[in-house]
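Given the sequences, and given the hints that come with them, work out the whole structure.
Given next are the chains, with one letter for each unit.
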Amino acid sequence: MKKTVQPLETPGGSGVPGGSGVSRRAFIRNATVAAGAIGAMGTLGLAGCAPQKSSEADGADSDGPGTFAGDTRMTASADGLVPDTTADITYLPRRGEYPTPAVEAPPTTEYTCDVLVVGGGLTGLNAAYAAASAGKSVILAEKGTPGYCGLSAWPSCTAYYDPELDADMDTWDHYMRNSCDCFANLNWEDAWCAESKEAFERLQQWGWIQSYDRAADTEFWVDGNIYHDDLKGYKNSVPDRRRVFCQVLDDNGVTTLDHIMITDIVEENGVCMGAVGLHYQSETFVSIAAKAVVLATGNGVIKPMGYPIGSDTYDGVWIGYNHGLPITGLEFEDFHMTTSYAPSNSLTNNAYPYLEPVWPTGGTVSAESMSKQKKVNERYTEFANGFNLEYNDITLMDGEESGAAASVASTNGNESDPRKGKMTSPLPKGHVYGAAVGMSVHTAAGIWCGVDDLTCATGLPGLYAAGDGTNGCYVGGPCYGAQRGSTSSFMSVQGFHAGTYAAQYADGVGDVTLPQAAVDQLKEKALQPTTLERGYHPEWIKEVLHSIMAPGWMNWGGATEETLNAALTNITTLRDLVKDKIYAQSGHALRQAHEAEHLLLAMELKVRAKLERKESRGHHYRKDYPSRDDKYLYFLTMTKGEDGSISWGKVDLPERWTGDVNADYLARYPVPQNPLDAKLHYPEAN
Amino acid sequence: MSVIRQNLDSCIGCETCVNVCPMDVFRMDADHMKSVIAYVQSCQTCGQCWLNCPTDSIGLQDAEVSFGINYGR
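If you read the protein sequences in the order shown, they are chains C and G. Numbering-wise (my numbering), the first sequence opens with residue 4 and increments by one. Numbering-wise (my numbering), the second sequence opens with residue 1141 and increments by one.
Note that these hints are calculated values from the structure, not bench results. Given the structure is predicted, the values throughout are model-derived calculations rather than measurements. Just so it is clear, CB atoms sit at the ideal spot from N, CA and C, and this is done for glycine as well. Misleading hints may appear alongside valid ones.
Quick partial rundown of chain G residues pointing at chain C, CB under 7 Å, derived from the structure [stated by the list, open to error]:
#1 1145
#2 1159
#3 1160
#4 1163
#5 1164
#6 1167
#7 1176
#8 1177
#9 1179
#10 1184
#11 1186
#12 1188
So this is what it looks like as structure tokens:
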């Protein structure tokens, strides 16, 4: 059924059950999502909130909201009234808001623990849980609040493998090879098959998964609810699943440090001894001595529109690379591309079905159908022929086919399979994802931990890497799709492994004290953006990167040696220009300054890897090398050399992962990677 | 499109938006017991603040700013 997308209506009225009759305390109890985090921090909770002084530079001359002078931040100069560029301000109108208050520093800035987990997504949550269950003292540091950041706020279903219902392992391996361009890490795939059901049940037990067959069947569903005009209508009656994260951490005795960005790990004598970071809002440096550190920092994206994961900025890749660890898989990143003339916001694009509090369960990975999935073919054609300018032509999926989960959870017609696809609310159909440039194809990019590794141990003792965009393990190969729907359970599995092995490692380590000289140096580096009088704003750097990386000729439109070299020139020029000159005029921008530096490095590595891989595979499409070339049937790694230059490595894959390399091209790769590949190798497609 | 203030009077200072925002858009003004939309330029319109705001103080403006910035990339 075809429907025109309705413009989003701003919800009116209070819409709150109980309205003003409910006491404020009751509201707070219901509404506060981060109780654990707040308790741990002691700074952000209501109890800990001493009256805060308004920042002097930020329009504090006005005590009331809505005064014009306070909004525009004009200041007198020789040229008359000009915008005050010295203040920590937003330049967009904020009429009606109070001036931006300063944030108090956390009471504690030096921490010690057995295991530090960096990142509060599904990977970090499971890592922290595993380490805490092993009796370790655990700290979890998160840039925002656990559960609400990165990709873990947005998965659409959680698949698991069931030996009774799914294909046998040999067939499964065959599907995985075919759907992952003979590139999938089958060791981790085995682990997923063995442990994903347990992971699913863990998430279910925690309350993160709520079991409804279809969103439309729940009591929260409002009839005639087309495209979430009335999302708020049922949101108040159902708990937001994301708050479960903080509760689980709290229940398991994990100390949560929210709004802390880990800027680097502390390495001394070739061993990881902890990490340092910033309570960036108050521009406060913190250090954490830890026997073992688990990086679970997620992937990265330059422009979050379309898929709201802007807090993912390749933090783990930056840390790993700068500590001499091999980085892999970046050439395959990017798959959320659009050919629709879609608005640049996620709510009319993609976030709605993920935002709704009804959480559909289950889903199985239909490896068979995924092995036939088109690669970049379809989108390329639309790019080459010009865009669909009819915004209204974005149609809504309806009925059984609708819903993110339904799209992934095929059970091959088995109605009794408990993992049958669940229906979320209608969502737009078409390539409306928007430009999440850099976004992962899941688990390809990150720190390379080795062919046989299932422990997440990096080459640096004491440092573990886990999860999407941090551990480049290729469980889904270089393609998005084969593991579709199973990423949330795989992250849980891999996070659990990392936490378990980090805890074991911590058993063999004595008390850790951070070396003061190294910490002082890292402190200077972390706060450096605040010491500049002028420099380049991180927002500007992100915008320039977006302009360089986003166009179709950098990815699914077909990159070439020329387009990649042009991009590389732009990136290295930008890199050299802004080196040590990214400045932060506020705590908010201080975090962004570090993020921009991380993104800049990741995009340089990505373009270099795309240049190096002279073939097309997965979501890496080279127009000048349009087919898979088994000469490149290896993982590329990039390691920072002593002199700062990149040292290249290649990892040969076990035969079980690659299959018979002498087999016919069509047998190995049943689906054309792109239209040029189709012309060359697939007579039926022509 | 971004977060907007629908009704500042109804803000009860519960800090939910401050905590759930992955992009650090909000600050808490404890003197007035109100949240502050401090860095709206970082808003990615994920809607979590809006969804979780218990008093509909937070809204989302539906004006489409930079309509086509995504397309073709």
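Structure-based check of each hint:
no.: 1; hint: 1145; in the structure: 5 Å, holds
no.: 2; hint: 1159; in the structure: 4 Å, holds
no.: 3; hint: 1160; in the structure: 5 Å, holds
no.: 4; hint: 1163; in the structure: 6 Å, holds
no.: 5; hint: 1164; in the structure: 5 Å, holds
no.: 6; hint: 1167; in the structure: 5 Å, holds
no.: 7; hint: 1176; in the structure: 5 Å, holds
no.: 8; hint: 1177; in the structure: 5 Å, holds
no.: 9; hint: 1179; in the structure: 5 Å, holds
no.: 10; hint: 1184; in the structure: 4 Å, holds
no.: 11; hint: 1186; in the structure: 3 Å, holds
no.: 12; hint: 1188; in the structure: 6 Å, holds
Comparing the model with each numbered hint stated earlier shows that all of them hold.
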